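Asks: Residues per chain, in single letters:
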Amino acid sequence: MASPAPAISVHGLVKRYGEVVAVNGIEFEVGTGETFGFLGPNGAGKSTTINMLCTLVRPSGGSALVAGHDVVGERDDVRRNIGLVFQDTTLDGYLTAEENLRLHAELYGVPREAVAERMRQVLEMIGLWERRASPVNTFSGGMKRRLEIARGLLHSPRVLFLDEPTVGLDPQTRRSIWSYIRELKAREDITIFLTTHYMDEAEYCERIAIMDHGSIIVLDTPEALKASVGKDRVQIETYDDDAAIAALHERFGLDATVAEGAVTFGVPEGEHFVPRLFTELGQPIRSVNVSRPSLDDVFMSYTGTTIRDAESTGTDRMRNVARMMSR
Amino acid sequence: MATETTAAPSDGPAPSAPDRPHELARVRVPTRSVRSELRAIKVVWKRELIRFSRDRLRILTSLIQPFLFLFVLGTGISSIASAGTHGINFRTFIYPGVVCMAVMFTAMFSAASIVWDREFGFLREMMVAPVRRSSIVLGKCLGGATVAAFQGLIVIAISPLVGVPYELGLILELLGLALLLAFSITAFGVMFAARVNQMQSFMALMQMAIMPMFFISGALFSVASLPAWLAVLNRLDPLTYAVEPMRRAIFEHLNVSAAARRALDPGVTWFGWHVPTVVEAAVIALLGVVMLAIAIVEFSRAE
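Taken in order, these protein sequences are the chains called S and L.
Residue numbers 1 to 327, in this note's numbering, belong to the letters of the first sequence in order.
Residue numbers 1001 to 1303, in this note's numbering, belong to the letters of the second sequence in order.
The following block holds chain S by itself, in its conformation from the complex (with noise of 0.2 Å):
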């Protein structure tokens, strides 16, 4: 699949704000046709990477080639070949769907004669067709999402960047979303880069980078990562915590927490040290349940820290931030 030029390669970038480095000399490539994606708590450097390999944001250091052409050098040509949707909305809520997307085409230079039909195809693939001539501003956030990567496609990008397509937008309609990418990726060849936070989205992804504190700290499969972890994670609810968390320490070494209302501990090959644990605890257990390890547990082992966690503490130093400002 993936053919001898990559669509985005990037050596030692590097983004200072000055004293603080937001992306630490990071190193990669994406394949032609590959669906990428970028996981990490806020403030880990996604969105000023994804912003750098889009032009957006000059780097400090290193080079970065998107669709053959260097960030900074061609940086026209590089956006020709780009498509963003970026987190949050850059639509012009008093315009209706088709002149957005007419405005998208006129700043692209999109042929005069293949707007009207191009601007159909992608309408209807997203199934905003009919709400054409309806105000932006009319729109649901799932509707003025899918309107944006349809307008992210209106130019035939070869490369369409996805910063956390789906922040903010309920269950449902992040499922839909995912849908729409899907099929898009089996309809046009396509490179596909995308930054989320959500551990169950980086799963549809060919290859992820997770990324923290500005530096990629793993790269490979979702399935490899997973493998690397080499731990199913078994939860147990008991009567007593923490008499279970001591017993599971004393009788087989492991180290368990509370983790959603349970004692959550990993261990090679659960299923079968359930048995073990029913007749070895000495303490009553009323459930069990063995999952195999998420992403979510790819990211604690190798960054020591739950991806929720991470990004509390960050919520909390922007509300200690803002609680500062408004004194």
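Keep in mind that the hints were calculated from the coordinates and are not lab data.
There's no promise every hint is true.
To be verified - If you anchor each label on the Cβ, the simulated ranges turn out as follows:
id : chain 1 : residue 1 : chain 2 : residue 2 : range
1  : S       : 200       : L       : 1203      : 40 to 46 Å
2  : S       : 16        : L       : 1203      : 32 to 38 Å
3  : S       : 42        : L       : 1300      : 27 to 33 Å
4  : S       : 200       : L       : 1201      : 39 to 45 Å
5  : L       : 1031      : S       : 60        : 51 to 57 Å
6  : L       : 1200      : S       : 224       : 47 to 53 Å
7  : L       : 1067      : S       : 16        : 50 to 56 Å
8  : S       : 16        : L       : 1300      : 57 to 63 Å
9  : L       : 1209      : S       : 141       : 25 to 31 Å
10 : S       : 171       : L       : 1031      : 38 to 44 Å
11 : L       : 1255      : S       : 135       : 47 to 53 Å
What you are looking at is a predicted structure, and each value in this text was computed from that prediction instead of being measured.
Glycine included, C-beta positions come from ideal geometry on N, C-alpha and C.
Please build the complex by placing chain L on the supplied structure of chain S, with the hints as guidance.
Replies: The following block gives chain L in isolation, referenced to the frame of chain S:
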């Protein structure tokens, strides 16, 4: 969500390939050229017009202040002012200033929309397009100029109410000056909008710029025999060069005594030289071009 994804066949023009409704044909985007830049300028300009035409409230509200000046202040003051106006209605006297005012407010609001666009993200859509930033800034300024001149035209259209007759030559001259002023003020606003990220700050800044410009320009008083300090400020105020030629044009089309003209419309002088309308128009245009250039430089800097 699923319900709206099915496209009714009755809707829109018949697709050319109904058996493959979702097949996406690739389009080729050509490399940058003068033509593509012109397309970009045109579409940014057009967006400004579409947005303006949808916002009826804005068209109305930006007329309130000029009409207050013209009919409330103008009527109220005319009784006191009648002694010094040589029989000219005070409303007629301040009318050119009010035309300029309507133009200025609308142009400023157009420029302010850049700050909104940044806040609502739309600016990014324009900034990442494979066109020159100058095309986008120019399109924006031309768009702002068009809608502001249109607003000026509304005020020009009520001229018989203040005793100024409809005459094609006069209307064209007023409209031409309004257009120039609209362009320059939009460029002025866009220049600031490049740097100011917050709407409140931008509006405060504009208030700070517009009101002094309006008062000093001689929109409400005659620039004859001003104290020296005010005369200097008056010559430095760009708006002077829009108000004065408009007033001159209006007075030329009215039956005004020579004494009245000397008192009410002495004309702008530079060190004793009488500045003709053409030069005044050139001052406005030049300022507009300079501010446009600054705005382009500011927007062309990578973020």
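Asks: If a hint holds in the structure, say so; if it doesn't, say that too.
Replies: Verification of the supplied hints:
With their beta carbons about 44 Å apart, residue 200 (chain S) and residue 1203 (chain L) fall inside the hinted range of 40 to 46 Å. One distance hint, 32 to 38 Å for the beta-carbon pair residue 16 (chain S) and residue 1203 (chain L), holds here, with the actual separation near 34 Å. Between residue 42 (chain S) and residue 1300 (chain L) the beta carbon distance is about 30 Å. The supplied range of 27 to 33 Å therefore holds. Checked against the hint of 39 to 45 Å, the pair residue 200 (chain S) and residue 1201 (chain L) passes, with Cβ atoms roughly 42 Å apart.
Taken as a hint, the range 51 to 57 Å is violated for the pair residue 1031 (chain L) and residue 60 (chain S), whose Cβ atoms sit roughly 29 Å apart. Checking the proposed 47 to 53 Å range against residue 1200 (chain L) and residue 224 (chain S) shows it holds: the Cβ atoms sit about 52 Å from each other. Look at residue 1067 (chain L) against residue 16 (chain S): about 54 Å separates their beta carbons, and that is inside 50 to 56 Å. One distance hint, 57 to 63 Å for the beta-carbon pair residue 16 (chain S) and residue 1300 (chain L), is violated here, with the actual separation near 22 Å.
Restraint check, residue 1209 (chain L) to residue 141 (chain S): a C-beta distance of roughly 38 Å breaks the suggested window 25 to 31 Å. Take residue 171 (chain S) and residue 1031 (chain L): their Cβ atoms lie about 43 Å apart, and the range 38 to 44 Å holds. For the hinted restraint 47 to 53 Å between residue 1255 (chain L) and residue 135 (chain S), the CB-CB distance of approximately 51 Å keeps it satisfied.
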